[in-house]
Amino acid sequence: MNVSSTNRETSNPGTQPKQLDPDASPRARGSYTASMNPPDHATPRLSPTDEELVEQYRTGRREAFATLVERYQRELYHFLVRFVGNRASAEDVFQEAFLQIHQSADLFDTQRRFRPWLFTIAANKARDMMRSQARRPTNPLQASIDGSNEEGSGQFIDLMEAATAMPDQPMETQEVQQMVQKTITGMPAHLREILMLSYFHQFPYKAIADILGIPLGTVKSRLHAAVAQFAERWQVANHRHSLS
Amino acid sequence: MSRSYTQQNESSEASADSGSQTRIPMATRLIEPDRRAVDCILDGQPSAPDAGDSLPCFDASAQLRFQQRVAAVQRWFALVGAMPAEDPSPDLMLRTMNRLDQVRAAQVASAAPENASPSASL
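Those protein sequence lines, which keep their order, are chains A and B.
The working numbering puts the first sequence at residues 1 to 244.
The working numbering puts the second sequence at residues 1001 to 1122.
Hints were generated in silico from the structure; no laboratory data involved.
Careful: at least some of the hints might be erroneous.
[Unchecked claim] Over the 12 Å line for every Cβ pair with chain A, so calculated as not near, a few chain B residues: (1) Ala1072; (2) Gly1081; (3) Pro1084; (4) Asp1091; (5) Gln1102; (6) Ala1112.
[As the list claims (entries may be wrong)] Where chain A lies over chain B, by a calculated footprint (3+ residues, C-beta under 8 Å): (7) 1030 to 1040; (8) 1073 to 1080; (9) 1093 to 1100.
[To be verified] Computed cross-link-like contacts, SDA-like style, restricted to lysine to any residue with a CA-CA straight-line distance of at most 20 Å: (10) A:Lys182 with B:Asp1039; (11) A:Lys182 with A:Trp117; (12) A:Lys182 with A:Ser244; (13) A:Lys206 with A:Asn86; (14) A:Lys206 with B:Asp1039; (15) A:Lys206 with A:Glu96; (16) A:Lys206 with A:Asn124; (17) A:Lys182 with B:Asp1087; (18) A:Lys182 with A:Arg113; (19) A:Lys182 with A:Asp168; (20) A:Lys182 with A:Pro116; (21) A:Lys182 with B:Ala1078; (22) A:Lys182 with A:Thr120; (23) A:Lys206 with A:Ala134; (24) A:Lys182 with B:Arg1075; (25) A:Lys182 with A:Asn238; (26) A:Lys206 with B:Ala1106; (27) A:Lys206 with A:Gly217; (28) A:Lys182 with B:Glu1086; (29) A:Lys182 with A:Leu99; (30) A:Lys206 with A:Thr218; (31) A:Lys206 with B:Ala1027; (32) A:Lys182 with A:Lys206; (33) A:Lys206 with A:Trp117; (34) A:Lys182 with B:Gly1044; (35) A:Lys206 with B:Gly1044; (36) A:Lys206 with A:Ser89; (37) A:Lys182 with A:Ala134; (38) A:Lys182 with A:Met166; (39) A:Lys206 with A:Ser221; (40) A:Lys182 with B:Cys1040.
Note that beta-carbon positions come from the ideal geometry of N, C-alpha and C, so glycine has one too.
Start from the sequences and build out the full structure, keeping to the hints where you can.
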């Protein structure tokens, strides 16, 4: 079962149709990149896989690396800007992540998938950056990267009952988008991160466990906590909004 | 959701906001059917039901209730999906490749003296 939402993202979202298999590279599912094909080809040629591009980069082909950056710039940037919450930091982390890819290219096992590896590196870099910012006294991120109490221990929420707090207007309205953004940005980073990876980037639970280096059970409990907390925060925000 | 429930959580958030940090002492959990629905939507597989639960596939009415629950949870995800994400700067790729070139140049420069033979350095 899949959620049909306009904002769920996959690799190369600018040129690829919506994917059902979140952990497959564009090439693995036989996608085409027309711009990479010679114009005299009668039929489009399959573009190289991410893993093939890493292999090509190892042999010194700089353009293979550029293709990887181009292929992932929108998806990875979207993950980062939603996760870290601002453009400048997202771009910094984006660049740091690809520099790490460069540094570690020789160590990458090309029998494995590139995309989870890229997200592993990017998520680590993003967390490092947020921790360093949180140490500064003026930054309010300290609480949001506090990993305690991830599963929660208090009252239960019934999402079907709570759906009465859903907005009447279409989801696309700017007001709703701003409220959602504020709601998610206020969540602890470890919950926000796992919601991004699972919902927007469609990584399966097992892949998320590998990316974050946590047990599968923790992936589930964090996701459940993330959804519960989103719904609860939304209700609070919606209630305030209705009063104002 | 009852109004008292909402008010209770609003007050706890407000008290947290009055401090210097943004900690919100909410420890709400999903009920078991919602957890299964979330797993079904996000991972394609519902979690194993708690002991004593009937399996939805063996009970048509339970299956219908589960489908309704999944639909409700999907509405929540649709709301999550409204979170905007701006596109990267048009020159992000160029800047990334420029940084890469700088790093590579620095690596080549630092490797060159190590690779130079003693006679070449004379």
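Hint check:
1. The Cβ of B:Ala1072 sits about 4 Å from the closest Cβ of chain A, inside the 12 Å cut-off, so the non-interface label is violated.
2. With a closest Cβ-Cβ approach of about 4 Å to chain A, B:Gly1081 is found to fall inside the 12 Å limit, against its non-interface label.
3. Residue placement check: B:Pro1084 does not keep its beta carbon more than 12 Å from all beta carbons of chain A (closest about 5 Å).
4. The claim that B:Asp1091 is not at the interface with chain A is violated, since a C-beta of that chain comes within 12 Å of its own (minimum 10 Å).
5. Distance to chain A contradicts B:Gln1102 as a non-interface residue, since its nearest Cβ pair spans about 10 Å, not more than 12 Å.
6. At roughly 17 Å from the closest C-beta of chain A, the C-beta of B:Ala1112 stays outside 12 Å, upholding its exclusion from the interface.
7. Note: the segment 1030 to 1040 of chain B has 8 residues with beta-carbon separation from chain A under 8 Å; the three-residue rule is met and the coverage holds.
8. Counting residues of the segment 1073 to 1080 of chain B whose C-beta sits closer than 8 Å to any C-beta of chain A gives 8, which meets the bar of three, so the coverage hint holds.
9. Evaluation of the coverage hint for the segment 1093 to 1100 of chain B: fulfilled, as 6 residues show C-beta separations to chain A shorter than 8 Å, against a requirement of three.
10. This hinted pair does not check out: A:Lys182 and B:Asp1039 have alpha carbons roughly 25 Å apart, beyond 20 Å.
11. The straight-line distance between the Cα atoms of A:Lys182 and A:Trp117 is roughly 29 Å, outside the 20 Å bound, and the hint therefore fails.
12. For the given pair, A:Lys182 sits about 16 Å from A:Ser244 by alpha-carbon distance, which is consistent with the 20 Å threshold.
13. With a C-alpha separation of about 28 Å, the suggested pairing of A:Lys206 with A:Asn86 is violated against the 20 Å cut-off.
14. Under the criterion of a C-alpha separation no larger than 20 Å, the hint pairing A:Lys206 with B:Asp1039 is consistent with the structure, at around 12 Å.
15. Proximity of A:Lys206 to A:Glu96 is assessed by CA-CA distance (about 25 Å); at most 20 Å being required, the pair is judged violated.
16. Between the alpha carbons of A:Lys206 and A:Asn124 the distance comes to roughly 18 Å, so the proposed pair stays at or under 20 Å and holds.
17. Distance hint between A:Lys182 and B:Asp1087 is fulfilled; the C-alpha atoms sit about 18 Å from each other, no more than 20 Å.
18. Restraint check: the Cα-Cα separation between A:Lys182 and A:Arg113 comes to about 33 Å, which exceeds 20 Å; the hinted pair is violated.
19. Between the alpha carbons of A:Lys182 and A:Asp168 the distance comes to roughly 18 Å, so the proposed pair stays at or under 20 Å and holds.
20. Between the alpha carbons of A:Lys182 and A:Pro116 the distance comes to roughly 27 Å, so the proposed pair goes past 20 Å and is violated.
21. Restraint check: the Cα-Cα separation between A:Lys182 and B:Ala1078 comes to about 16 Å, which is no more than 20 Å; the hinted pair holds.
22. Only pairs whose Cα atoms come within 20 Å are accepted, and A:Lys182 paired with A:Thr120 is rejected, the gap being roughly 25 Å.
23. For the proposed pair A:Lys206 and A:Ala134, the alpha carbon gap of about 29 Å is over 20 Å, so the pair is violated.
24. With a C-alpha separation of about 18 Å, the suggested pair A:Lys182 and B:Arg1075 falls inside the 20 Å cut-off, and the hint holds.
25. For the suggested pair A:Lys182 and A:Asn238, the alpha carbons sit about 11 Å apart, so the restraint of at most 20 Å is met.
26. A hinted pair counts as satisfied when its Cα atoms are at most 20 Å apart, and A:Lys206 with B:Ala1106 does not qualify at roughly 38 Å.
27. The suggested pairing of A:Lys206 with A:Gly217 holds, with an alpha-carbon distance near 10 Å, which does not exceed 20 Å.
28. At roughly 15 Å between alpha-carbon atoms, A:Lys182 and B:Glu1086 fall within 20 Å of each other, so this suggested pair holds.
29. Proximity of A:Lys182 to A:Leu99 is assessed by CA-CA distance (about 31 Å); at most 20 Å being required, the pair is judged violated.
30. Distance restraint check for A:Lys206 and A:Thr218: the Cα-Cα separation of roughly 11 Å lies within the 20 Å cut-off, and the hinted pair is therefore satisfied.
31. Proximity of A:Lys206 to B:Ala1027 is assessed by CA-CA distance (about 25 Å); at most 20 Å being required, the pair is judged violated.
32. Of the supplied pair hints, the one linking A:Lys182 and A:Lys206 is violated, its CA atoms being roughly 29 Å apart against a limit of 20 Å.
33. With a C-alpha separation of about 13 Å, the suggested pairing of A:Lys206 with A:Trp117 holds against the 20 Å cut-off.
34. In summary, the hint linking A:Lys182 to B:Gly1044 is not supported, as the alpha carbons are separated by about 29 Å, beyond the 20 Å threshold.
35. Between A:Lys206 and B:Gly1044 the alpha-carbon distance is near 12 Å, which keeps this suggested pair within the 20 Å criterion.
36. A distance of roughly 28 Å separates the Cα atoms of A:Lys206 and A:Ser89; the hinted pair therefore is violated under the 20 Å criterion.
37. With a C-alpha separation of about 19 Å, the suggested pairing of A:Lys182 with A:Ala134 holds against the 20 Å cut-off.
38. Proximity of A:Lys182 to A:Met166 is assessed by CA-CA distance (about 16 Å); at most 20 Å being required, the pair is judged to hold.
39. The hinted pair formed by A:Lys206 and A:Ser221 meets the criterion: a straight-line CA distance of about 13 Å does not exceed 20 Å.
40. About 27 Å separates the Cα atoms of A:Lys182 and B:Cys1040, which puts this hinted pair outside 20 Å; it is violated.
In this structure, the hints that do not hold are numbers 1, 2, 3, 4, 5, 10, 11, 13, 15, 18, 20, 22, 23, 26, 29, 31, 32, 34, 36 and 40, in rising order.
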